[in-house]
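Those protein sequence lines, which keep their order, are chains R, D and L. Note that this note's numbering has the first sequence beginning at 1, numbered continuously upward. Note that this note's numbering has the second sequence beginning at 1, numbered continuously upward. Note that this note's numbering has the third sequence beginning at 1, numbered continuously upward.
Incorrect hints may have been included.
Straight-line Cα separation of at most 27 Å, DSSO-like style, residue types lysine-lysine; simulated pairs [to be verified]:
| hint | chain 1 | residue 1 | chain 2 | residue 2 |
| --- | --- | --- | --- | --- |
| 1 | L | LYS179 | R | LYS27 |
| 2 | R | LYS862 | D | LYS79 |
| 3 | L | LYS179 | D | LYS79 |
| 4 | L | LYS161 | D | LYS85 |
| 5 | L | LYS127 | R | LYS276 |
| 6 | R | LYS867 | R | LYS672 |
| 7 | L | LYS40 | D | LYS85 |
| 8 | L | LYS161 | R | LYS582 |
Residues from chain R that keep clear of chain D, each with C-beta distances beyond 12 Å, as calculated [as the list claims (entries may be wrong)]:
| hint | residue |
| --- | --- |
| 9 | GLU21 |
| 10 | GLN246 |
| 11 | ASP352 |
| 12 | LEU812 |
| 13 | GLY853 |
| 14 | ARG973 |
Residues from chain R that face chain L, not an exhaustive set, calculated with beta carbons under 10 Å [what the hints assert, rightly or not]:
| hint | residue |
| --- | --- |
| 15 | THR255 |
| 16 | THR269 |
| 17 | GLN467 |
| 18 | THR468 |
| 19 | PRO472 |
| 20 | ARG732 |
| 21 | GLY779 |
| 22 | GLU912 |
| 23 | GLN914 |
The hints are simulated quantities; they were obtained by calculation from the structure and are not laboratory data. Given the structure is predicted, the values throughout are model-derived calculations rather than measurements. By construction, the Cβ of each residue, glycine as well, lies at the ideal position given by its N, Cα and C atoms.
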Amino acid sequence: MRLDRSGGDVAPSLSFTFDGETVRARKGETVAAALLANDIRLVGRSFKYHRPRGIWSAGPEEPNALITLGRGAAQTPNQRATVQEVYEGLEVSSQNRWPSLKTDLLSVNDLAAPFLGAGFYYKTFMWPRAFWERVYEPVIRRAAGLGALSGAPDQEPYEKAYAHCDLLVIGSGPSGLMAALVAARAGSDVIVAEQDHALGGRLLAEVEEIDGAPAADWVAAAVAELEAAPNVRVMSRTTVTGVYDQGTYGAIERTAMHVADPGAAPRQTFWRIVAKASILASGAIERGIAFANNDRPGVMAAGAVRAYANRWGVSPGKSVTVFANNDDAHRTARDLAAAGVTVAAVIDPRADAQAIGDYPLFSGAQVTGTTGRLGLTDITIRDASGKDQSVWTDCLAVSGGWNPSVHLTCHMNGRPVWNEDLAAFVPAPDAVPGLFPAGSADGAQSTADCLRTGAEAAIAALEALGQTTEAPALPKAENGFTGHTPFWLVPGKKRAWLDMANDVTVKDVKLAAQENFASVEHMKRYTTQGMAPDQGKNSNVAALAILADATGRTIPQTGTTTFRPPFAPVPLSAMGAGARGKGFAPERFTTSHTATEDLGAPFVEAGLWYRPSYYPRAGETTWRQSCDREVQMVRNAVGVADVSTLGKIDIQGPDAAALLDFVYTNMFSTLKVGKVRYGLMLREDGHVMDDGTTARLGETHYVMTTTTAAAGQVMQHLDFVLQALRPDWDVRIASATEQWAQFAVAGPKARALLDVVLDGPIDWAAWPFMSCGNIGVAGVPGRLFRISFSGEEGFEVAVPARYGEALYRLLLSQASVLGGGPYGMEALNVLRIEKGFITHSEIHGRVTAFDIGMERMISAKKDCIGKTMAARPGLLDPARERLVGLKPTGAVKELTAGAHLFNMGAEAVRLEDQGYITSVCYSPTLGSFLGLGFLKSGPDRIGETVQMVDHLRGVKTEVEVCNPVFFDPEGGRMRG
Amino acid sequence: MRITCPYCGERDIREFTYRGHALAIARPAPDAGEAAWDDYLHLRDNPAGATQDLWHHGPCGAWVIVDRDTVTHEVAGSKAVAEVKR
Amino acid sequence: MVSLVPKSPCADLLPLAIAETTVSEVVPEAITLVAPFKGKKKTVSDALKAEVGVGFPAPGRMTGKQDARCIWVGPEQALVIGPAVSPDGAAVTDQSDGFAVIQITGPMAANALARLTPIDLRRDHFKPGHTARTLLNHMTCSITRLGAASFEILVFRSMAKTAVHELTEALKLLEGRAKLS
């Protein structure tokens, strides 16, 4: 209910829906606050038993009140009602119930609870094995669960971003604000990250004074100072989720989750923050007490109950009771009573507990049970004398003390340390380099201590950054409410909940111990305690205390489980923001791309590049028709293909030739200026890395060509050779791939086409096979290389890329006059297979120069990368799988790439494997399928027939082993 | 993780690619023998503690030797391969 | 005789403006990669000063101004953007057509880049005249700060469309964020 407070409370001005019912709310409220204001206590069903559950907390640790926002593709499940801010029109749905929240048929699970304890799944669903996937999995999935995704792609925008600072302050309660103020005044570059929309932390939820004025006034002044400081960046609605090496922090910002119309704004932003140091001022999380039926809607954390009252003017109940082992929780009774709410009883197990206000106190007493099917109606109090009495209450505020939020200190393998005085884990010293814990995250108990340790942590952090700062005058603040005595559970037979998010009870933990899952890590997995969305934030320490007790150990002896990132859920859509669609990977386009699109060519990806597959013409209905035509066009007239995607590396310097001799197997120092040579490059382990042609443009100037796929790898390799192996050489290398648009012009009419395009007249006798040089191309300075990857007389003509599109269009228009035109990757592939030229289909990383019949290219006159290891006997065994050509001779006249080869009559099984096919094509030139592949002792078996079996596609035929050069083996056509 | 490129300064790990232990810069002579080559190419320690890695800073092209601790993830320092081999 | 019509890398893509921030293409007279040979850095630097008035830059720095500038792009490598140069003592490679040169200027410029590049762009750490080889999302690039709210980005020519896409998306999200109440 809403409290009638004097002051600034405004009437509810907006409405949202909860399971279709309209709820009135105030701006700035969370869904939880608004639901409680409207006396809605039942908000969800539990994970396993479908028990009715309500709101437990007032923060991101909430175990119960998980909700789904919105509908359709953008529906967002498993959001915390205690975090989500209301806005006009917000649609909220409860989760894990059917058909409705109040009548959930699966709550029959609760009746079966005696059979569903810890280890139930492991014990029950073992057999029959066939039931695992088809019966157990779907049934369990339906019965136990949380919110569901829509199944449709979420098109909402998300964002990721980087930020840098000297000091990252995590949290903005009294210690965080104080730390930020000290660092800001010292001129440090500060980021303050606060998960709430408002800064202030617990100070927003408490009735106390700082420097004689309401704490809220001090918060407002501090926030104003920070926001005005140019060296401070305040990031609200931003939860730091992970700590990573060298001061990198992950954070999730709920950028536009709080507005009705976010427009183009990102819904959430994933931040990577790099900080030289950080202050962990993440506060503490209140823990419960385990007692019978302590999970009913209306049973809440004591600090949360007064947060709703003090911050939002909402009382979670009309008649509130408090069950706590500490002085701090008495503030809940005091504050609610002061707000005019009935406080029916405060039950404190400590015999010496003192009341701090006008409320009935039961000291030395315990709560032994609760009633109320869909929400709390009564509690049973066993007083100090052992007498039971029932008290009507619709809200029981529970506190078993506070656990410092040490989670981030564990992300780099730090283990928190048990502090006996506090009965809590505190951060281990130096758990994270450069991270300084402060305030209640470090065990501080009062506002005064929080302010002091916040300042101290900031001074220490600045000192670590080499900056000396004087201690500031500390504001005067609250220093009481620190008394407490550990109290974990009320003994009893009924179920007492520890982990409400995963339905784990005290009995489950004891069962785990009894069945010898006594290590904390085993207990966690056996009971699933701590494995729910709250990741044990509410239950870990209590479960540990009970495990310790059940196994006769102390808590520090029992140890803790590991907290891993993220501290709060991070949507994958935020982590992967910008990587959808066009953002997935860069697209590299050649200068001929638009002209190629104009011709209707489909594209194929080659690494990041987009290359034309084939150029369909009117009447052609399959790619093969276009491909066959293009092949014949090159063989009979002239074809044009964009080859700009091949890597080009400019190599200059006195030792350029030495470098090439070292990275290639063959000699390049002997290459004459104006000539081109094919080169083979090995890895140091003797296997082929890449191949390509290299041209000598000048005495100390070469241009190396790499394959499209290996361009980056070769560049990195050359960097390595020059920096790590031969830094004595004076060579400079540079990628020139992007500078040049380069087109292959191939076919019997190639010269005729070039005669029209090149600045002439050209003396073709001066351009023999494998020559190169500068040449004018339609008035532009370009380069010409006489090389061939098709087996025809071929050239590659290059111009600066700005002229690429114009030259391409010119070449095509002139080629059409000669009966030629463009050819795509499919035809290019057929042309090269007909000639037995290899690509990375063949040099796939496991083949040697010997395997492809190029062992004689490893020059005996010099060392080169890979030479020593290529000489290993095992790599020169004639029985190795070696390159051959293949032609189908069986009934099936088809070859498939990836098929395996077997001897005739042998069974087509792995042990009989003789090799495999790497490339196939239909050759219109030879009227047959052709293949390249690797066959044991291949070159020694020319003429033999073997079986081809493609197990995957179910194709089988007989093939003849032949020379891999199918067409024009003498090479007369390309020499011209 | 962050690595200092000797030329560009401290950078995010996503700018780097990894290439194993730094002993890859000590290429044996061609006639050093099978054992030396086997060691160079294949045999690596797997230390729990200090190690030296090779990283390539892709954007600028520098090969970098990084002194790193595999247990604490501390990066003690880095230097340019080209400077080490000079 | 036909003549070839040149086309710049971002010809169909830029300029564009989102809110007050503009993204535009610069087409310099020439871009020349200058890589001094061993022991020749001083000679080359002097030669460049004589040719176009800018010296060879230190790592991470730009020398010169808009009409002729020299930006560091790697160990012993710098790009001269402006008139073509050919200093003795260096490997000289014409890269005039190799890069898309994109300038982003305006109040959202730095924040847009902070969505795409992991480097520290804070004004005190990355000042006008500072340059970095880094990433623009998945692409390698060169980023130079020209002014308080103005940056120059070089990406490979073939990736111009992706670069413009990335900048546009970042700016649209920032514009959306600015409109949140």
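Here is how each hint holds up against the structure:
1. LYS179/L to LYS27/R: holds (18 Å)
2. LYS862/R to LYS79/D: The hint is violated at about 31 Å.
3. LYS179/L to LYS79/D: violated (46 Å)
4. LYS161/L to LYS85/D: violated (40 Å)
5. LYS127/L to LYS276/R: Holds - the C-alpha atoms of LYS276/R and LYS127/L are around 19 Å apart, at most 27 Å.
6. LYS867/R to LYS672/R: With a Cα-Cα distance of about 24 Å, the restraint between LYS867/R and LYS672/R holds, given a limit of 27 Å.
7. LYS40/L to LYS85/D: holds (19 Å)
8. LYS161/L to LYS582/R: Roughly 10 Å between the alpha carbons, so the hint for LYS161/L and LYS582/R holds.
9. GLU21: holds (47 Å)
10. GLN246: violated (4 Å)
11. ASP352: holds (47 Å)
12. LEU812: Answer for LEU812/R: holds, closest chain D Cβ roughly 36 Å.
13. GLY853: holds (24 Å)
14. ARG973: For ARG973/R, whose nearest Cβ neighbour in chain D is about 40 Å away, the distance exceeds 12 Å, so it holds.
15. THR255: holds (6 Å)
16. THR269: OK, holds: THR269/R within 10 Å of chain L, min 8 Å.
17. GLN467: Given a least distance of 14 Å, the restraint on GLN467/R is violated.
18. THR468: violated (20 Å)
19. PRO472: Cβ of PRO472/R sits 24 Å from chain L, so the hint is violated.
20. ARG732: holds (4 Å)
21. GLY779: holds (5 Å)
22. GLU912: Cβ of GLU912/R sits 45 Å from chain L, so the hint is violated.
23. GLN914: Violated - the Cβ of GLN914/R stays beyond 10 Å from chain L, reaching only about 42 Å at its closest.
Hint check: violations occur at hints 2, 3, 4, 10, 17, 18, 19, 22 and 23; the rest are consistent with the structure.
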